[in-house]
Amino acid sequence: GQQLNQSPQSMFIQEGEDVSMNCTSSSIFNTWLWYKQDPGEGPVLLIALYKAGELTSNGRLTAQFGITRKDSFLNISASIPSDVGIYFCAGHLYGGSQGNLIFGKGTKLSVKP
Amino acid sequence: ETGVTQSPTHLIKTRGQQVTLRCSSQSGHNTVSWYQQALGQGPQFIFQYYREEENGRGNFPPRFSGLQFPNYSSELNVNALELDDSALYLCASSPGTVRGTGELFFGEGSRLTVL
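Going down the list, the sequences are from chains A and B.
Oh and the first sequence: position 68 is 68 in our numbering, straight run, nothing missing.
Oh and the second sequence: position 23 is 23 in our numbering, straight run, nothing missing.
Quick caveat, the hints were computed from the structure, so don't treat them as lab data.
Think of the CB as a built atom: it goes at the ideal place given N, C-alpha and C, for glycine as much as any other residue.
Where hints are given, some of them may not hold.
Stated by the list, open to error - Residues from chain B that keep clear of chain A, each with C-beta distances beyond 10 angstroms, as calculated: (1) Thr2; (2) Arg22; (3) Asn55; (4) Leu67.
Stated by the list, open to error - Taking CB as the label site, the calculated pair distances span: (5) B:Asn55 - A:Ile13: 39 to 45 angstroms; (6) A:Thr68 - B:Arg15: 43 to 49 angstroms; (7) A:Ser77 - B:Thr14: 24 to 30 angstroms; (8) A:Asp18 - B:Arg51: 42 to 48 angstroms; (9) A:Thr68 - B:Asn59: 30 to 36 angstroms; (10) A:Asp18 - B:Ser27: 33 to 39 angstroms.
Required output: the full structure, derived from the provided sequences and hints.
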């Protein structure tokens, strides 16, 4: 089945540093999304991307939908302690039911104050 | 606006038993999806319900079944529990519009342990 390769698996950074993580797929997606999950919580949507090449920002977060439709990246600028958590990329295949997303395994972010 | 709520939050079952998990969708959302999240993994799509019918299913056996009610709330039923069914079960709702595909609102999940 389809798989998403998300990297890195984990990151330990200093507060104030910028963060970059990415996701690649063997399949073409028509939508890429980035979610964040805190301990004991469900994932929360950060950014949704609908067009190849699209670059979208949400505060300190910036994400891009790759031109090939097989990849996406997420950048976080000037990290703060509340950025700690697990970040998941997710893709939606054309023709799939609306809620049918394929998730990566996540990037665990730790921030040292 | 009430978010997605799930119950119970934690439960322990033994192999072979059956379990029912419940979900209330966010106000105004008519579509509910269920996901299984094993420890250290990303969520995996089980199935989706729209207008009280299943309209999409992931790679899960038939012993995983569900229901959606007229008020859009939903249940996930798992029969003949196996040890590998131990996981966090997430319910997510969405407004059912074409624009916004994939924009899911998740509950906090039900943590199932099978002994």
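Quick rundown of the hints versus the structure:
1. Annotated as non-interface, B:Thr2 keeps its C-beta farther than 10 angstroms from every C-beta of chain A; the closest such distance is 15 angstroms.
2. Look at B:Arg22: its CB is around 15 angstroms from the nearest CB on chain A, clear of 10 angstroms, so calling it non-interface holds up.
3. Not every Cβ of chain A is farther than 10 angstroms from the Cβ of B:Asn55; the closest lies at roughly 5 angstroms, contradicting the non-interface assignment.
4. Annotated as non-interface, B:Leu67 keeps its C-beta farther than 10 angstroms from every C-beta of chain A; the closest such distance is 16 angstroms.
5. The given range of 39 to 45 angstroms is respected by B:Asn55 and A:Ile13, whose C-beta atoms sit roughly 42 angstroms from each other.
6. One distance hint, 43 to 49 angstroms for the beta-carbon pair A:Thr68 and B:Arg15, holds here, with the actual separation near 45 angstroms.
7. For the pair A:Ser77 and B:Thr14, the beta carbons lie near 49 angstroms from each other, so the given range of 24 to 30 angstroms is not met.
8. About 45 angstroms separates the C-beta atoms of A:Asp18 and B:Arg51, a value consistent with the hinted range of 42 to 48 angstroms.
9. A C-beta distance of roughly 25 angstroms is found between A:Thr68 and B:Asn59, which places it outside the suggested range of 30 to 36 angstroms.
10. Checked against the hint of 33 to 39 angstroms, the pair A:Asp18 and B:Ser27 passes, with Cβ atoms roughly 37 angstroms apart.
Hint compliance for this structure: hints 3, 7 and 9 are broken, all remaining hints hold.
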